[in-house]
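So the sequences go chain by chain: X and Y. So for the first sequence, the working numbering puts the first residue at 3; every next one is plus one. So for the second sequence, the working numbering puts the first residue at 46; every next one is plus one.
Hints are computed from structural coordinates only; laboratory data are not their basis. Predicted, not measured: the structure shown is a model, and the values here were computed from it. There could be a bad hint or two in this list.
[Said to hold, decoys possible] Derived Cβ-Cβ restraints for the label pairs, each shown as a range: (1) Y:M170 / X:P217: 29 to 35 Å; (2) Y:L194 / X:E267: 20 to 26 Å; (3) Y:I79 / X:S7: 52 to 58 Å; (4) Y:I140 / X:T49: 37 to 43 Å; (5) Y:T193 / X:S54: 16 to 22 Å; (6) Y:N166 / X:R294: 19 to 25 Å; (7) X:A8 / Y:L173: 21 to 27 Å; (8) Y:G253 / X:R159: 43 to 49 Å; (9) X:E267 / Y:V319: 32 to 38 Å; (10) Y:L173 / X:S54: 43 to 49 Å; (11) Y:S199 / X:H197: 51 to 57 Å; (12) Y:F136 / X:N268: 30 to 36 Å; (13) X:N15 / Y:V148: 19 to 25 Å; (14) Y:N166 / X:H197: 35 to 41 Å.
The beta-carbon is built from N, C-alpha and C at its ideal position, and this holds for glycine as well.
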Amino acid sequence: MSESSARAVFKNNKEAAFLLLPTVAVCILFLYYPAIDTFRLSLYQTTLVDESFAGLYNYTRLFASESYRNSLFVTFGFAGVVVFGTMLISLIIAFMMYEVNTGTSVYLITAIWPYALPPAVAGLVLLFLLQPDLGIFTYYIRAIGSVFGYDIQFNWRRNGPLAFAVVSVAAIWKQLGYNIIFMIAALNNIPKTIHEAAELDGVSRLNRLFRIYVPLMSPTLVFLIVINTIYAFFATFPLIDLMTQGGPGGATNILIFNLYIDAFENFNLGYASAQSLVLFLLVGVLMYVQLRVSDRYAHYGG
Amino acid sequence: MAESTITEANVEHEKRRSLEEYLPDEWLMHIGLIVSISLMALPLVLAAIMSTQSVAQIYDVTDLSPGSNAYENYYRVMTDYNMWTFMINSFIMSIAIVVGKVVLSLLAALALVYYDFPYKNAMFMFVLFTLMLPVPVRIVPLFELMVTLDWTNSMLAITMPYLASATAVFLFRQHFMSIPASIVEAAKLDDVGGLKFLIFVLIPMSKGMIAGISVITYIYAWNQYLWPLAIISSQDQQVVQVGLKSLEGTAAAGQIEWGLIMAGAMIALIPPLVVLIVLHKPLLETFGLQQK
Chain X
3 MSESSARAVF KNNKEAAFLL LPTVAVCILF LYYPAIDTFR LSLYQTTLVD ESFAGLYNYT
63 RLFASESYRN SLFVTFGFAG VVVFGTMLIS LIIAFMMYEV NTGTSVYLIT AIWPYALPPA
123 VAGLVLLFLL QPDLGIFTYY IRAIGSVFGY DIQFNWRRNG PLAFAVVSVA AIWKQLGYNI
183 IFMIAALNNI PKTIHEAAEL DGVSRLNRLF RIYVPLMSPT LVFLIVINTI YAFFATFPLI
243 DLMTQGGPGG ATNILIFNLY IDAFENFNLG YASAQSLVLF LLVGVLMYVQ LRVSDRYAHY
303 GG
Chain Y
46 MAESTITEAN VEHEKRRSLE EYLPDEWLMH IGLIVSISLM ALPLVLAAIM STQSVAQIYD
106 VTDLSPGSNA YENYYRVMTD YNMWTFMINS FIMSIAIVVG KVVLSLLAAL ALVYYDFPYK
166 NAMFMFVLFT LMLPVPVRIV PLFELMVTLD WTNSMLAITM PYLASATAVF LFRQHFMSIP
226 ASIVEAAKLD DVGGLKFLIF VLIPMSKGMI AGISVITYIY AWNQYLWPLA IISSQDQQVV
286 QVGLKSLEGT AAAGQIEWGL IMAGAMIALI PPLVVLIVLH KPLLETFGLQ QK
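Extracted from the complex, chain Y is given alone in its bound form (with noise of 0.2 Å):
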């Protein structure tokens, strides 16, 4: 029996483990951590509450009841009030971004580890640079450069400017680097090319690095603002962060509908939330390579 293999020492043992784990400051330590993540919740729950209240009740400050308007206010921000178009465009602009980046850093790191030519680490470093250029860097020469290519108000002015990453770039590069050697040479051996070893070899054992980098880029994707506000005037072809900003803006004519408000900013919220809690994992395995 287990009862009888336990020593005295064991018994003590035991003891001292126990009260060490309810000693009252990890208990501290649990009140503190509930109370900040409460703290962090706390705008975002109110504001899924009053998403679903009406004018009255809103105007009713600290009425906390789920309203009646639920369906009212969610129907009416998505028809209305282009929330439906805004939320198809940025869908369309953040997965052409996500698979363009992740398809052109695949090849570009394949050239830069698996390739031997002349002033590779040049290369490398001018792809690298071009973190020095974030877009309010460029802003105006960009805006102007779409006007000449007549991309104003298209999918291609808020996708081409983002597919080149050196971030992206960057982690497959170490990604590959970390594979052994040995591999490539088979396939050498076996006269396999660049461009089947990357899909067949490559592609395969960089599926966590492949989805993380997904992850990044499109809650990346999905919350740019400045960019769209600048070269999209259209409704039609506007993305729901600046869409927000026309919500805020229509609904400012007469009485301000905050119910109504909210609820757009529950649906412009929920798709980068829904892809962060599903794909956490590899977005934080992700993030601790590109530490190093």
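Chain X on its own, in the form it takes in the complex (with noise of 0.2 Å):
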């Protein structure tokens, strides 16, 4: 492009590698070789002095694991529970700071917050409100449902939908912050002209959410969606490890605390590497989607 071409004044090829040294270097070393060597590694059955080439007898064993297909399972439903619940919240959140017109700085600055909140520290505070029998939270879902003639044990140690649950609201917790930014400027992109004939049409708030806003706010929510799925398979992990360990019974072991035990635990590394390729083509699978449906789309940015 010429455009870009016009700034490239400098010409000397030794200082331009010598920039971009320290980056390659690091990409090189601790990005793109442990990468490849996951991929070598995946076909090598390995102990804990020594390793021998096995071809595909970690993939086979994978796809042959029933608790490996129940953490496949797991993940996409928690993926899909925690993207969703984020993004409807999220969306509603945003949509009403975009709508009052007093107050909205002080309302950004107390919903953006959990962006920075550690996702150890939201497992921790959950975990405790949470407690079966400890819990603040609990006694009064407890005190509710005995309002209706209902003992709640809510004990979601034993049950496993419930401890899904639960991880899934720490989880949606966590990520709201991120999630309300984005679209709080994805609105502020919309023209005002498109804002006022609505309002001057009479199209009630909630159709102008949905059948308005929300197609033009379209490449930021599904930037969002791939963003929110990454961070569920991955950004989750100290929530699934200081609230549930996984269980009970498997219900809240996604793929990468599978993956850790495998590895840190069981030293299976080999095995634990076949799984990291697993999850490395579900991430390319969604940046190749992201980046195919944001061409589409590309038509709407402002």
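Two chains, each in its own frame: build the complex with the hints.
So, in structure tokens, the structure goes:
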């Protein structure tokens, strides 16, 4: 492009190489080399002391494994719940913030702070507040239940679906801030004239949100779907590790937790590497989808 | 006088405006916002209150009065439970990652925008592609590499792999391309070299972007969990997020001192929260740019 080459006024190749060297060196040593070695290791059977070539053994073992198939199923379910829950709640909060004319900056900072919330802190705090015996939330959930004549046990340490729900709530809570930031930015990019025309035509609030704004925000929403899915796959590890350890009965055993246990508690490095490769392929597909979809919606971009 | 200039139409208009402003459904929006924001903050408020309570008060589940154990809980968690060491390690790690990542990415972006060299686009793609390689897809060989380098339980292990950043290089490159080309041409005419151009011209023009990327990186680094958990086994070298896990573990032996654990959680939360609140403006600007 001529636009970019107009700035490229320095011609010294050695200097350019010198400037790029630190970044490229880190990329090769700590990113590319380990990633490629993951592929190699996934074809080996490993013990603590040596490794031997085993072809696709790790992969056949992986997909024959009942618990890994369960883990895949749990991960997709978890990602689906977290992405949908996070985005729906964030969208409603961002929309309310966009609609009010006063106090916007106060609302903004009090709504985006979970962006800074460490997942480990989110996990630990909710673990405590939802304790089956000591948790204050549990206490009120039970109290409300007993008003309607239900004896709610809320023992999510024993109940798989309940544990899945508790971890999902923690994951959604932590991810709201990030989503609200991007949704507010997208809403503010919508031309004021569209907003005014819709208001004049008497389009109701909810219709305005879902029929007019959501389609206009679609590039941002696609971007957020991908980011939130990757978040649910990887960044929720501390929640699982602190709250449920993948249990009960594998109900919250997402792929990354399964991988961690196989690698660092069972020391089955080849088997864990095969799991890493599966995760790499999943991320690759997601990124590809995002590129494709955002290309298609490019004409909406402001 | 101002009063005399008000026409009847103006009065009418004012009336309608104020009516519109106080329409009940605008208030509904405010109520909705206050409820949702309070719900989001509630767990932290409760945790903060309970971090001051004694074991007896915690066992009285509905007791929400601030306890008398604030000093004891925070003091003990810092000294007896190693939180002081964890916090210092987290600070060193986060600051090293922020400084390293910003410097390395500025240098790389300078080369990618202002230098003419072969395979420039391929080089950019090479850096960008690392977005596809988060820690979990390379964790096993990365662990083995650290063992080979004898870096386990060291600060090097939890900082070096984070220094190259596709996102930061991408954002700095975008930002540099929005600076008029005439500026670099003038610098070239004055015979200013690339590094001097970066230090005296580009960096002063990129303060907001540098601040934004620093905030994003700081929060990201501070919240790291999986990799330190895997590579650091010594309590003296551990970071605060993983330290919380050991806190949960030690307290689980015997009577669980939840007040103490909540005090630890509050301490681990404060640094990134303060950074976010103080520097939210450059952060939001950087995110706004990232979208385009």
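Evaluation of the provided hints:
1. Y:M170 / X:P217: 29 to 35 Å: holds, 32 Å
2. Y:L194 / X:E267: 20 to 26 Å: About 23 Å separates the Cβ atoms of L194 of chain Y and E267 of chain X, which means 20 to 26 Å holds.
3. Y:I79 / X:S7: 52 to 58 Å: Check passed, 53 Å falls within 52 to 58 Å.
4. Y:I140 / X:T49: 37 to 43 Å: holds, 40 Å
5. Y:T193 / X:S54: 16 to 22 Å: At roughly 20 Å between Cβ atoms, S54 of chain X and T193 of chain Y fall inside 16 to 22 Å, so the hint holds.
6. Y:N166 / X:R294: 19 to 25 Å: holds, 21 Å
7. X:A8 / Y:L173: 21 to 27 Å: Given about 22 Å between the Cβ atoms, the range holds.
8. Y:G253 / X:R159: 43 to 49 Å: Because 47 Å falls inside the window, the suggested range holds.
9. X:E267 / Y:V319: 32 to 38 Å: Given about 36 Å between the Cβ atoms, the range holds.
10. Y:L173 / X:S54: 43 to 49 Å: violated, 36 Å
11. Y:S199 / X:H197: 51 to 57 Å: Because 55 Å falls inside the window, the suggested range holds.
12. Y:F136 / X:N268: 30 to 36 Å: holds, 34 Å
13. X:N15 / Y:V148: 19 to 25 Å: At roughly 22 Å between Cβ atoms, V148 of chain Y and N15 of chain X fall inside 19 to 25 Å, so the hint holds.
14. Y:N166 / X:H197: 35 to 41 Å: holds, 40 Å
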